[in-house]
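Heads up: the protein sequence lines correspond to chains A and B, in order. Taking the working numbering, the leading residue of the first sequence gets 17, the next gets one more, and so forth. Taking the working numbering, the leading residue of the second sequence gets 901, the next gets one more, and so forth.
By construction, these hints were calculated from the structure, which means they are not laboratory data. Here a beta-carbon is modelled for each residue, glycine too, at the ideal position from N, C-alpha and C. Treat each hint with caution, since some may be false.
[As the list claims (entries may be wrong)] Simulated coverage check for chain A against chain B, where a stretch passes if three residues somewhere in it have a Cβ under 8 Å from a Cβ of chain B:
#, segment
1, 23–32
2, 179–188
3, 199–213
4, 258–268
5, 398–405
6, 440–454
7, 468–478
[As the list claims (entries may be wrong)] One side of the interface only, derived from the structure: several residues of chain B facing chain A at Cβ under 7 Å:
#, residue
8, 978
9, 1080
10, 1155
11, 1201
12, 1227
13, 1228
14, 1231
15, 1311
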Amino acid sequence: MRYDQARYSTDGVYEPLLSEKDETAVEVDSELPDDLTRDSVTLPSLSEPELARHYTRLSQMNYGVETGPYPLGSCTMKYNPSFTEDVAALPSGGVHPDRSPESVQGTLAVLHGLQEFLAEIGGMDAVTLQPPAGAAGEFTGILVAKAYHEANGDERSEVIVPASAHGTNFASAAMAGYEVVELPSGDDGRVDLDALAAAVGDETAALMLTNPNTLGLFERDIVEIAETVHDAGGLLYYDGANLNALLGRARPGDMGFDIMHYNVHKTFATPHGGGGPGAGPVGVVSDLAEYLPRPQVRESDGGYELFDPERSIGKVHGYAGNWLVLLKAYAYIARLGDAGLRDASAKAVLNANYLASRIDLDVPYGPFHHEFAATAGDRDAAELAKGMLDHGVHPPTTKWPELVPEAMLTEPTEVENRSSLDDLAAAFNSVVTADEETLADAPTRTAAGRIDQVGAARNPRLSWHALDGDDADDTA
Amino acid sequence: MTGSPYAPHTAAETDAMLDAVGVDSEDELFDIPEAVTFDGSLGFDSKSEARLRREIEATLARNDDLVEFLGRGHYDHYVPSLVSDLSRRSEFLTSYTQYQPEITQGFLQVLFEYQSFLVELTGLPVANCSMYDAATALGEAARLAGRVRETSGSTVLVPDHLHEGKAGVLDNYVAGADLTVERYPMDDGAVDVEAVERAVGDDTVMLYAESPTLRGVIEPSLARLGAVADDHDALFCLGTDIVALALLEEPAAVGADVVVGAADALGLPTSYGMGLGLFATRESFLRQVPGRLVGASEDAAGTRAFTLTLQTREQHIRKERATSNICTNQAWVALRTAMHVASLGADGMVDLAERCVTNARDLAERLDEVVGVQAPVYDRHHFREFVVHTDQPAEAVASDIEADGFAVHTVGEHRLQVCVTETNERHADALVAAFEEAV
């Protein structure tokens, strides 16, 4: 498919910045003493029709799931139902977080319902909804592990993370004060039990694992992995980024995981919003429930109440987390139910396998679930991705995980049908045969052409204030 | 319904695709050992949109219909329809992080404009394009202070009046960085500067103050605090919010090295505490900033274009040595906030902020006339909210007021806190009447 993204352009810029349309300086003349107030504020002052056009044009210069396929591996870019958006826009959904629990029984009922849904889906005993994103969930889970070990008088210093794991795993463990021990992958792309045995020890607080892993491969030795970690006194942490492959078919709790986070913006189809808000609820087995963040919601006398778990780690968000995202996730799960969730996984896995069979690139390892890492071989995966931008599809994740050279990590999700997947495959196959010069000029049909990212980092200009003087440079 | 309503496959399509893959059924595609296969039922039914919508509406209707005079860090300002409407355009709402900038210019430009608003309002040259909320922004600021201060320091000084959510998050954010949090006292609702001077030492990595404070007080000693921090080579971190920034002294002018706080006061309706943290700092700390940054660059035609930049700070590149673990953040909320700021424009921003001062002053004066009530407790300038003394026990008063349909905070045995904005000011008469009845 040929794709032409909207492009607006005026004299060396695409859609002008608001500041280029208007800048109005307003003097601050307040009843407050002068030393408490600023002198003036300079901001754009545009009419509503002008703003409506500005943002509409900018939206047209942006690509979303409703524009076309978005097969970013490990990101699970599903179609976001209009229904859940409508539910989240209900006026009764908005209340202040300091309201008395008695006066927000509806909100608490939804939160409790979502806790129950997630606990069942994950095979966990208790769930906190407070973490505002997946990485915040990881941090929360690791804090829970730390609190658990400390309560047992068993201070441990290391968290083990497979080399192919999400970068957030490393960062979250380090943020909690742990040394990160990187676990190399085995020849089959999975955890190598010998390497694991060598890495695990008295200092192991936890192993953080994604299953299926970031290559889309199920860790078939999960029972042995869990035993190895548990025998050493460590806890097993499940990174929920790839849970979409398992809904209703396998549960982290049943696999021996003690702690997990859910990426509701991935698995449960709440929008990514250009990079958030997400939500990263954390589930734990019963032994760890008393460490969860405070407060928690529970049932009481036909209603709901808040309580602080006995040995709570405290807070990971100022209030209750990203409520609107949680409400959407609740609506999504309730809409699909058991059968719908199972089917979502089935179609996600079918789509990945079908697409993999249709593209002219090697796909090492296997069998895979909802995503696969094709290799661009001696081509540059990032260049191929730029070429794909002109085909009406978003390219896959490139050059990660590093285990696959020039990886193109592709996750079509369940929301594409056969013809859409065939288009996607055609886009792949077209760029695979394109010559390097053509690719170097790509993309040509997007709002902007190839962007100088090195220049952006070398000369950081991070606000329109930093653009002053640009005109002089341009004419020099 | 037997399948996902959002999986578009027809039965014939599914069969053809299974054929193409070379299996007989979807189940064959799952490479899950039997020992860990789940063959039970999750136990929840699928529901139609219509039925589920009725159910959720009925559930949410269990919330009492109260007029909220609540604040303490989370504020209800009227969100213009333009924001609600255009932010929901699917190209914005359903997009991912802008890892392919050529096809996501629109969102990048909005985030660049959001950063620009914060640069204008704070006077600091660097603002990131979102934190989760004010509490996590404060936690990140403390961690930044721990990194940039090369002394053996380890103490973060915070006010006695600190929101419990912020305090709780801060404790968790600093624990892994071997920093400790200490409190300094307040005096009549503002910072006790002498006490801070005594508390600051060579081991202080960051001095944190707020304006407006948790009690709604506009802090009069910021410049002095900035100087105290500077004298000890500690970072001066100011907590504030995006509306207050339009009126109060520029943070850069009082010596702030980092500005954190809530930006969700614009752009989000009260959403049970869902937030947007703002984060701005000096140029010298650029490579220590947590979170995403959008920068201007140019494309192959030499036309100005935008991209995520300085990503070597971030977790997907630097892993355990990243400046933060933040990945998914609050980008769409930042987009809404930027739209809200743009909708208000320069005049609208200043007017709104001034109204926060006059509304609070007027309501406090009226409550002060109620027998058995004194307001404001602190003889200071206030922004949006203030503390009220009640001769009767505060909890009982709050409970009576709630029965009349109003929510206020209880902050002490005889203290309530009341927050007023343009969304509830029309109910001020009724609130005063409810106070009269309750005390």
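Check your understanding: Which of the listed hints are not met by the structure?
Key -> 3, 6, 8, 9, 10, 15
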